[in-house]
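So the protein sequences, as listed, match chains H and L.
If you use the working numbering, the first sequence corresponds to residues 37 to 306, in order.
If you use the working numbering, the second sequence corresponds to residues 88 to 193, in order.
For the record, the hints were derived by calculation from the structure and aren't laboratory data.
Where is the CB? At the ideal position from N, CA and C, for every residue including glycine.
Warning: the hint list may mix true and false statements.
[As the list claims (entries may be wrong)] Computed footprint of chain L on chain H, listed as stretches where at least three residues anywhere in the stretch have a Cβ under 8 Å from a Cβ of chain L:
(1) 59-67
(2) 186-200
(3) 242-253
[What the hints assert, rightly or not] Just the calculated beta-carbon pair ranges, DEER-fashion:
(4) SER69/H with THR120/L: 46 to 52 Å
(5) PRO127/L with SER69/H: 52 to 58 Å
(6) ASN91/L with TRP221/H: 39 to 45 Å
(7) LYS125/L with ALA175/H: 33 to 39 Å
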Amino acid sequence: MFAAALIVFRESLEAALIIGIVAAATRPVTGRSLWIALGSALGVAGAIGVAAVAQSISQLAHGNGQELFTAVVLALAVVMLAWHNVWMASHGRQMATEARELGRSVVRGDMALTAIVTAIALTVLREGSETVLFLMGIASSTEASRASLAIGSLLGFAAGGAAGFLIYAGLLRIPVSRLFVVTAWLILLLAAGMAGQCARVLIQADLLPALASPLWDTSALMPDDSALGTLLRALFGYEAQPSATQVLFYLTALVLIFLAMRRARSHSTT
Amino acid sequence: MRTNLLLAVLFLSGAALAADPEFAIQLKEHRFTPSEIKVPAGTKVKLVIDNQDATPEEFDSFALNREKIVFANTKGIVFIGPLKPGRYEFMGEFNRSTAHGVVIAE
Numbered sequence: 037m038f039a040a041a042l043i044v045f046r047e048s049l050e051a052a053l054i055i056g057i058v059a060a061a062t063r064p065v066t067g068r069s070l071w072i073a074l075g076s077a078l079g080v081a082g083a084i085g086v087a088a089v090a091q092s093i094s095q096l097a098h099g100n101g102q103e104l105f106t107a108v109v110l111a112l113a114v115v116m117l118a119w120h121n122v123w124m125a126s127h128g129r130q131m132a133t134e135a136r137e138l139g140r141s142v143v144r145g146d147m148a149l150t151a152i153v154t155a156i157a158l159t160v161l162r163e164g165s166e167t168v169l170f171l172m173g174i175a176s177s178t179e180a181s182r183a184s185l186a187i188g189s190l191l192g193f194a195a196g197g198a199a200g201f202l203i204y205a206g207l208l209r210i211p212v213s214r215l216f217v218v219t220a221w222l223i224l225l226l227a228a229g230m231a232g233q234c235a236r237v238l239i240q241a242d243l244l245p246a247l248a249s250p251l252w253d254t255s256a257l258m259p260d261d262s263a264l265g266t267l268l269r270a271l272f273g274y275e276a277q278p279s280a281t282q283v284l285f286y287l288t289a290l291v292l293i294f295l296a297m298r299r300a301r302s303h304s305t306t
Numbered sequence: 088m089r090t091n092l093l094l095a096v097l098f099l100s101g102a103a104l105a106a107d108p109e110f111a112i113q114l115k116e117h118r119f120t121p122s123e124i125k126v127p128a129g130t131k132v133k134l135v136i137d138n139q140d141a142t143p144e145e146f147d148s149f150a151l152n153r154e155k156i157v158f159a160n161t162k163g164i165v166f167i168g169p170l171k172p173g174r175y176e177f178m179g180e181f182n183r184s185t186a187h188g189v190v191i192a193e
């Protein structure tokens, strides 16, 4: 039961954190809860769909289908998160002012909200499909263990959801003017982390060279499977032994998105 | 011109023949066999995981920085390395208690 809880918790953590951060980042926006719920629901539906055809996907591209699919999903999510951040850099100041002065929800362009909700759907789909496959595997085990595995999975989901909620609640304590900056940074780091993961997955399929591997080893300081390590991994893509290509992708995404944000801000009218 | 072309073909085919070392791991009854795999350090290595169970398994390793779902009665390929000499643990995430092993690079 504990093993199942741990597996489901780890898979749902990344999705829960991104939902919590996005929910906080879009707090003054009208109807954002509905959008987020819709994105999550689409992600779940997608996860089930992907799990159903996962074996076929896996066999595409000379057996690299799984890695290519994951890489594409990650890359799309990075683009969506980057788009959100750039949009916020152009309009964020205006939104924060409105929210503060008018003291009520503001409406923002549907296009930009679509981006961030798509990022949620993609992350839920990616992490969720692994969870669905795991649960499908459980379904074929003995009845006695099935019950305990089911309870464990629910506990894992609950724990993941709690973590997402904690991040959300924690972020809400930040005053609105600061909130945009903090969430922008969190989302930037999330995007960079996903870019790093994208590289890792392509290296696994031998579609990218690892170059120096590992570039560094901080597993003595912060092991990957420790509680804090797991959290840092989900939030920032932390890895104790990353390859050079991974770090390169991470830094490139970080710098490019940051520069795009800065450019958007300097061009914004307010 | 013809000599150059011939040399190019010979060189390329030589390069193609220098394939990455390949190691097979069998997964049966949620156990990896062999559970200890010795691989050469400093070079890319190809692991072929043969899942002979009726359920999918996730080959997962923090140390190797890899995770891949290998479906029932299928084989999955995972490239690892280049590795520094050392021990790198891996496991079947869906069946942690029984499915685990170690890659030893030397």
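Evaluate the given range 46 to 52 Å for the C-beta pair formed by SER69/H and THR120/L.
50 Å, holds
Cβ-Cβ distance between PRO127/L and SER69/H: within 52 to 58 Å?
Cβ of PRO127/L to Cβ of SER69/H: about 54 Å, so the range 52 to 58 Å holds.
Could you check the hint for me, namely that ASN91/L and TRP221/H are 39 to 45 Å apart, CB to CB?
The hint (39 to 45 Å, Cβ to Cβ) is violated, given that ASN91/L and TRP221/H are roughly 55 Å apart.
Per the coverage rule (Cβ-Cβ under 8 Å, at least three residues), is the segment 242-253 of chain H covered by chain L?
holds (count 4)
Can you tell me whether the CB distance of LYS125/L to ALA175/H sits inside 33 to 39 Å?
Given about 37 Å between the Cβ atoms, the range holds.
Given as covered by chain L, does the segment 59-67 of chain H meet the bar of three residues or more with CB within less than 8 Å?
Coverage by chain L is violated here, the residue count being 0 at a Cβ distance below 8 Å.
Establish whether the coverage given for the segment 186-200 of chain H by chain L is satisfied; the threshold is a Cβ-Cβ distance below 8 Å, and no fewer than three residues must meet it.
Violated, because only 0 residues of the segment 186-200 of chain H bring their Cβ atoms closer than 8 Å to Cβ atoms of chain L.
In this structure, the hints that do not hold are numbers 1, 2 and 6, in rising order.
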